[in-house]
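Novice: Take the sequence shown: its position 356, counted from the start at 1, is 356 in full-length UniProt numbering, and no numbers get skipped.
By construction, these hints were calculated from the structure, which means they are not laboratory data. It is possible that part of the hints are untrue.
Derived lysine-lysine pairs resembling DSS-like cross-links, with alpha carbons at most 27 Å apart [what the hints assert, rightly or not]: (1) K673 - K712; (2) K94 - K673; (3) K622 - K713; (4) K673 - K622; (5) K673 - K713; (6) K712 - K622.
What follows is a list of derived Cβ distance ranges for each label pair [unchecked claim]: (7) T258 - N305: 18 to 28 Å; (8) L237 - S618: 34 to 44 Å; (9) F296 - E420: 17 to 27 Å; (10) G330 - A255: 18 to 28 Å; (11) R248 - R363: 21 to 31 Å; (12) T728 - D630: 14 to 24 Å; (13) T728 - S129: 38 to 48 Å; (14) N288 - Y390: 42 to 52 Å; (15) W267 - G364: 33 to 43 Å; (16) L237 - P55: 32 to 42 Å; (17) R51 - V125: 35 to 45 Å; (18) V714 - N288: 28 to 38 Å; (19) F126 - R479: 43 to 53 Å; (20) E48 - R248: 30 to 40 Å.
All C-beta atoms, glycine included, are put in the ideal place defined by N, C-alpha and C.
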Amino acid sequence: MTTQHEQPAPAGDTRNHGGGHPEPPAAPRPHRGPRWSRPRGLWRGRPEDPRWARPALLGLLLATALLYLYDLSASGWANSFYSAAVQAGSESWKAFFFGSLDAGNAITVDKPPAALWPMALTVRVFGLSSWSVLVPEVLMGVATVAVVYAAVRRRSGPAAGLIAGAVLALTPVAALMFRFNNPDALLALLMSVACYLVVRALEDGRTRWLVWAGVAVGFAFLTKTLQAFLILPPLALVYGVCGPVRLRRRLGQLALATLAVVVSGGWWVAVVELWPASSRPYVGGSQNNSFLELTFGYNGLGRLNGEETGSVGGGGGPGGAGGGMWGETGWDRMFNSETGGQISWLLPAALILLVAGLVATRRGGRTDTARSSLLVWGGSLLMTAAVFSYMAGIFHQYYTVALAPYLAAVVGTGAATLWERRERMWASLALAAAVTATAAWGYVLLNRTPDYLPWLKWAVLVGGLVAALGLVFAGRLGRRTALAAAGLGIAASLAAPAAYTLSTVGEGHSGSIVTAGPAGASMMGGPGGGRGGFPGGGEFPGGGTPPRQGQGQGGGTGTVGGLPGTAPGGNQQGNGAPGNGNGTAPGRRPSPGGGSGERGGTGGGAMGGLLNGAQVDSEAKKLLETDAGDYTWAAAAIGSQNAASYQLGTGEPVMAIGGFNGTDPSPTLARFKEYVADGRIHYFIGGGTGGGMGGGSGTASQITSWVEANFKKVTAGSATFYDLTQPTS
Numbered sequence: 001m002t003t004q005h006e007q008p009a010p011a012g013d014t015r016n017h018g019g020g021h022p023e024p025p026a027a028p029r030p031h032r033g034p035r036w037s038r039p040r041g042l043w044r045g046r047p048e049d050p051r052w053a054r055p056a057l058l059g060l061l062l063a064t065a066l067l068y069l070y071d072l073s074a075s076g077w078a079n080s081f082y083s084a085a086v087q088a089g090s091e092s093w094k095a096f097f098f099g100s101l102d103a104g105n106a107i108t109v110d111k112p113p114a115a116l117w118p119m120a121l122t123v124r125v126f127g128l129s130s131w132s133v134l135v136p137e138v139l140m141g142v143a144t145v146a147v148v149y150a151a152v153r154r155r156s157g158p159a160a161g162l163i164a165g166a167v168l169a170l171t172p173v174a175a176l177m178f179r180f181n182n183p184d185a186l187l188a189l190l191m192s193v194a195c196y197l198v199v200r201a202l203e204d205g206r207t208r209w210l211v212w213a214g215v216a217v218g219f220a221f222l223t224k225t226l227q228a229f230l231i232l233p234p235l236a237l238v239y240g241v242c243g244p245v246r247l248r249r250r251l252g253q254l255a256l257a258t259l260a261v262v263v264s265g266g267w268w269v270a271v272v273e274l275w276p277a278s279s280r281p282y283v284g285g286s287q288n289n290s291f292l293e294l295t296f297g298y299n300g301l302g303r304l305n306g307e308e309t310g311s312v313g314g315g316g317g318p319g320g321a322g323g324g325m326w327g328e329t330g331w332d333r334m335f336n337s338e339t340g341g342q343i344s345w346l347l348p349a350a351l352i353l354l355v356a357g358l359v360a361t362r363r364g365g366r367t368d369t370a371r372s373s374l375l376v377w378g379g380s381l382l383m384t385a386a387v388f389s390y391m392a393g394i395f396h397q398y399y400t401v402a403l404a405p406y407l408a409a410v411v412g413t414g415a416a417t418l419w420e421r422r423e424r425m426w427a428s429l430a431l432a433a434a435v436t437a438t439a440a441w442g443y444v445l446l447n448r449t450p451d452y453l454p455w456l457k458w459a460v461l462v463g464g465l466v467a468a469l470g471l472v473f474a475g476r477l478g479r480r481t482a483l484a485a486a487g488l489g490i491a492a493s494l495a496a497p498a499a500y501t502l503s504t505v506g507e508g509h510s511g512s513i514v515t516a517g518p519a520g521a522s523m524m525g526g527p528g529g530g531r532g533g534f535p536g537g538g539e540f541p542g543g544g545t546p547p548r549q550g551q552g553q554g555g556g557t558g559t560v561g562g563l564p565g566t567a568p569g570g571n572q573q574g575n576g577a578p579g580n581g582n583g584t585a586p587g588r589r590p591s592p593g594g595g596s597g598e599r600g601g602t603g604g605g606a607m608g609g610l611l612n613g614a615q616v617d618s619e620a621k622k623l624l625e626t627d628a629g630d631y632t633w634a635a636a637a638i639g640s641q642n643a644a645s646y647q648l649g650t651g652e653p654v655m656a657i658g659g660f661n662g663t664d665p666s667p668t669l670a671r672f673k674e675y676v677a678d679g680r681i682h683y684f685i686g687g688g689t690g691g692g693m694g695g696g697s698g699t700a701s702q703i704t705s706w707v708e709a710n711f712k713k714v715t716a717g718s719a720t721f722y723d724l725t726q727p728t729s
């Protein structure tokens, strides 16, 4: 017979309930509550959550989706470089696998192809359009918000998860990149998933969570190479120290996770490197047709030290502590006039909340999950921000979307941690300091664009200061008053980035360099920027000022895609767009002068350019489409953006000579002559970037000179072509 306090052990319980040395209890698992049916559970959520939690989450996700879908087609093909690769992958499985820019498989994009795969599959199902290219990016944004919510909710509750999700959704650079077709959207999602899975592993010590985290990082590597590895040091260190199992097991688990990274990210690399070079496309961005060279050179160490062979300006470009072509480096890079408006609105608050949250959890044991969760997200934030701040190579403001999930999670987790301790004066002061810093910094950022909603900076500042005053006494006020102060603080903190986000979704963006917020909110990094060209000078190479977006610019000598060039007389230069017969991408609003009216780079006119596509008029389209089925490539053009525009405008493969920068040695002159002799290329498109601005092999210039000297010139509309089937002698 047993008493109330002497219940029999459950079946299968092998622990020692008598004397001796009992085994340590297993790590506690998060409470799941009773089982629930799917239809009811979808709306009700977890039984342990308040009734408002799941409806609020669904509302947040729906609002995020509607916000990011608004007027999505205004961006047309967005970055035509990647849109052309998506179009190629939707027509050729070989191009799909390798990430080729064209269905003829001449050359790949200068990244691995994982980010292209979801878009290419969507285009295969729904056909080629702006929406079929960009909707997968929107879905990735909604999924990232959901992942961040789920991670924060596990440790800090649904209210903290909603705050984190809202911060992420309303970060301007997130609204930009989750509506754009660069690889950064998928990268941000996969990095968020990796952090979430490590947080799960820190709860129960299960190996499977770390292995799946390794898989997420591996596919992130196949999205944007070594950038995926930036968060590995903090993740490994946090689990190695705080994991809830013995040290030997932790080390074994980390080894398995590393193996998962290698396998999930390395299988594609192995196939590409072992595939005979003669039967696969050239690896774009490399100088030796090697993906490993691309990974560790142009896309790897070159980004850190500025030694990017084949990039604009050639290897050994300026950089370092004093900055250079891609902006000044230093600890304040995330806050400066070029980058601050993209990501830094709540960055001061995140840093304050991270430090205060770690202080609040300092008495927890080694395996304290609240502290380790903060370390996962905070360590990822600090590591990524530090690398971005000091990298001397190519840097664009939109890279900072990688910080958005980490920042949002730190803000949500840190705020909830301090709110639970608001009766302690130091916690209330820390909350007040975070809101004050956000309001003051929001005022500074808004003041950089004084003509943009001039009243908003004062509303943010005053509202934030009033909320901060209330939060100082949050532990001594009534619950309703304290919640009102907290609500005002959240509103004041999110008002400014929300305004920038609405400005971002209110207009289209195209080209290779895009920024969020209203006009004038950020200078463009690098050449060809539509908001001021080079950060330091405001002029393009070779002199002159960049044309405004959508503004016509006459022919004659000028700039082509930010590089010196000669435009055919009478050619209209605007923000180049892939064609639908009139030089505008689907859904794009034409503007005077032949431009498309959206921001994000300087136009390339009919010739195209380094950073933006060309306009393809109806006459050029008709010329290229004639007998296109008889050739592997309807045309060849210098530079990927130029080739991409004609490919998207006609639907026919166009070879990109020299890759993105026009500096890749692909194809060689001898190889190009073979293609022409075999009748595989119909036209050569005149103009383009001409092999970049220093660096590279000069292959593009050699091919151009040979074509111009030996083949008949044909004019279609405002563009010049050379018929490679009609030699002049």
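Novice: Which numbered hints does this structure break?
Specialist: 8, 9, 10, 14
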